[in-house]
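Residues per chain are reported as follows:
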Amino acid sequence: MRHDHLITSKQLSRSDVETVLDRAAEIDADPVAVADRHAGTLLGLLFFEPSTRTKMSFETAMKRLGGDVVDMGAVESSSVTKGETLADTVRVIEGYADALVLRHPKQGSATMASEFVDVPLLNAGDGAGHHPTQTLLDLYTIRKNAGLDDLTIGIMGDLKYGRTVHSLAYALTNFDARQHFISPESLQLPREVVYDLHQAGNGSGVREHESLEDVLPSLDVLYVTRIQRERFPDESEYQKVAGEYQIDLETLERASDDLTVMHPLPRVDEIAPEIDDTEYAAYFEQAHNGVPVRMALLDLFLSANGGGADE
Amino acid sequence: MRHDHLITSKQLSRSDVETVLDRAAEIDADPVAVADRHAGTLLGLLFFEPSTRTKMSFETAMKRLGGDVVDMGAVESSSVTKGETLADTVRVIEGYADALVLRHPKQGSATMASEFVDVPLLNAGDGAGHHPTQTLLDLYTIRKNAGLDDLTIGIMGDLKYGRTVHSLAYALTNFDARQHFISPESLQLPREVVYDLHQAGNGSGVREHESLEDVLPSLDVLYVTRIQRERFPDESEYQKVAGEYQIDLETLERASDDLTVMHPLPRVDEIAPEIDDTEYAAYFEQAHNGVPVRMALLDLFLSANGGGADE
Amino acid sequence: MRHDHLITSKQLSRSDVETVLDRAAEIDADPVAVADRHAGTLLGLLFFEPSTRTKMSFETAMKRLGGDVVDMGAVESSSVTKGETLADTVRVIEGYADALVLRHPKQGSATMASEFVDVPLLNAGDGAGHHPTQTLLDLYTIRKNAGLDDLTIGIMGDLKYGRTVHSLAYALTNFDARQHFISPESLQLPREVVYDLHQAGNGSGVREHESLEDVLPSLDVLYVTRIQRERFPDESEYQKVAGEYQIDLETLERASDDLTVMHPLPRVDEIAPEIDDTEYAAYFEQAHNGVPVRMALLDLFLSANGGGADE
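Chains as they are written, first to last, in my numbering: chain A, 1 to 311; chain D, 312 to 622; chain P, 623 to 933.
In isolation and in its complexed conformation, chain A is listed as follows (with noise of 0.2 Å):
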């Protein structure tokens, strides 16, 4: 993989996309191999928005690598508020770091930042932009549950704004994947972002549905996101319509028995907290998993840039 950055999933190609899920792999099988593997490295957290489990992640990921982060912090208590400029930011704290991982609101914040230092930078969502490491987890957790060859998935809930959707949708053209995508008409996804799946998707299928139940018994995965009630004019309209899309054990009657289910989290009804203790259930393992794919990226762009031993 030869990249200096991590910006969008578009930029990793199908094998790119297996190098770092067979790393992952790998750590996954034997983490305590890779324990020290990064001792002294340190990995800059640039948070301009909140975030919980992508920051833990991260941090956890380099520190299961053996190395240790230096934090931004809050926004608030950060220079930013004297009027420094994104680009002056990233120029300083480079040089605390030998890696630097960026959520940004501004769509395109990444790109930017990233031409103006000479460590990797790793994208971890810049607005409506793109968000990769969520990405690769999401394919990580699908490759371990049903295969991402031959996959029939179905995409449920705000498939409007959720960039979540828009990256995985993309990415998952590069493999042999049926991609369903369900959700009420108002929340469908962008007209641009279907046509840009058709011409990548050199012939995998993408239909959109108005209901789960139709496609139901043919998917191996149901990825479920969470519509936001401020979408909505009012409260009984955000009722009526989040309730079709919420599941429960008598929604999954009609699946498969290897439906796997995946929510990228924090969820609020979507899923009936009845799924939790089921087989169906990967949401949990999915956001675990953002720790070996995160150690993978790490290691395979401060290994590419010197910053970790050959093994």
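Since the hints were made in silico from the structure, they are not lab data. Take these hints with a grain of salt, some might be off.
[Unchecked claim] Derived lysine-lysine pairs resembling DSBU-like cross-links, with alpha carbons at most 35 Å apart:
1) A:Lys144 - D:Lys393
2) A:Lys240 - P:Lys782
3) D:Lys393 - A:Lys160
4) P:Lys782 - P:Lys862
Please read these numbers as outputs of a predicted model, since none were measured by experiment.
Chain A is fixed; fit chains D and P onto it per the hints.
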């Protein structure tokens, strides 16, 4: 000691308490011996309420054992604000860490959370509920300064709202301790706590007083707590009451030369600074004792769960 | 170097400064040699005011020496909000750490706090008081780029309120430096600072100017600081004044080719981005120099106090 989690000091037998205090004493005597004992271990910090000393001393304890922490950070910048349940939050973070420390404003939350995780969970305070690690460091400080047997202790200040006081009082019923409770009538121990102490105490004395004067000469330990301004309808009423439960060198003229003065900190006016440099003062030592006691607890819980090599 | 604490750059003799800078240069040349030198050491961070680069570079410095930090966190989530005094806070946290770094908004607080603790305390800025580690990294940057002897330096911008500037100016009186101060009349150096510089300077020149123009060709170093909008009664007045103290490539046409441009950062408009990639620019290097200089300081203070093994 055979426990999966540490939720309340009530779950600890006299023998459990002694196991913890003995281990803390060993560590205190030779901290270098355990400096790498839990290398590679990550402790997850979930503080849903502000805290300085409890959080810092847990963090210090884990690092003094060679491990590290991953911190959820402030609630305002976490997924909790998106409506995630505590059960979901702990199940996600359990994937990052080898043990969890939880502080939460709601009583009972530690018990609930512990039912969802497989790693050891240590309660660092759940509202008006329990705060067992504070109790253990209090007991450790008492044992070191005055001994836990044939002990006469006075506990003074706000006895109505202080969970620290209730936990300590319960724990002391395991030992041969005479307990004197000194407070204004409006801030007396709740009746159910007095009842429980009598039930648990098999004869060990529990007595209540409105004034320190009579009981002071007999005390080995005086445990002072803060009386909070906001408990009183007006400032003058507060000043009058609080003034009677503050101590200075003049107050202590009638005390034993061996008296040990404790306070869970932070203090405001309860203990005059002139006492700080005397032999009476044990409150800074008490705060510092949080480190070896929490090291002992982490060591015991992590070792029982396979997290530490045998020595 | 024989000091218990680092409170002000005024306490440092020329020989002390050279000891620190020499050690920083050694570390800079071979950071791997000290990568484990203070393994097991914990540095307590007490930042009562927001800070990005000072805090991150102290944290980086401690970690690059093999140690770790324990951070009090934001004031809002600390015991300080319960009315605890600074003297109590530092005495508690001293029990967790082998050395302390303090930033506090009140002038004199570092001196006061240092009287209550036995571990080394390093002042990271106390209000309008001192910020000695900034001064040392400035001196290190000057020495590396232009040398500290036979130096002609211009210090420009807000000279009235900047503690950075006052500290640096005092420290330069130890060396053979000609200092030119360039500012609008309303933001001139305070008269007592000028007086002190003349007293301390044993003949080294101190001159004040309203314009950069005349003095620019003679400068080895130009140290630019930010002029703050809020110092001016109205926006147009600010724009007019600030505009005269901003530099771009055109401004520098009359400068020496060897001119070094410094800035404590964050900058807003004082230095045009077009200068960033020229040989003049040393301000990002200056920020990065915070790491080896603070490593040197930590190493010297921790070793003097028995915290580090001899090499």
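Quick rundown of the hints versus the structure:
1. A:Lys144 - D:Lys393: Holds, because 29 Å separates the two Cα atoms, which is no more than 35 Å.
2. A:Lys240 - P:Lys782: violated, 63 Å
3. D:Lys393 - A:Lys160: holds, 19 Å
4. P:Lys782 - P:Lys862: Since the Cα atoms of Lys782 of chain P and Lys862 of chain P sit roughly 18 Å apart, the hinted pair holds (cutoff 35 Å).
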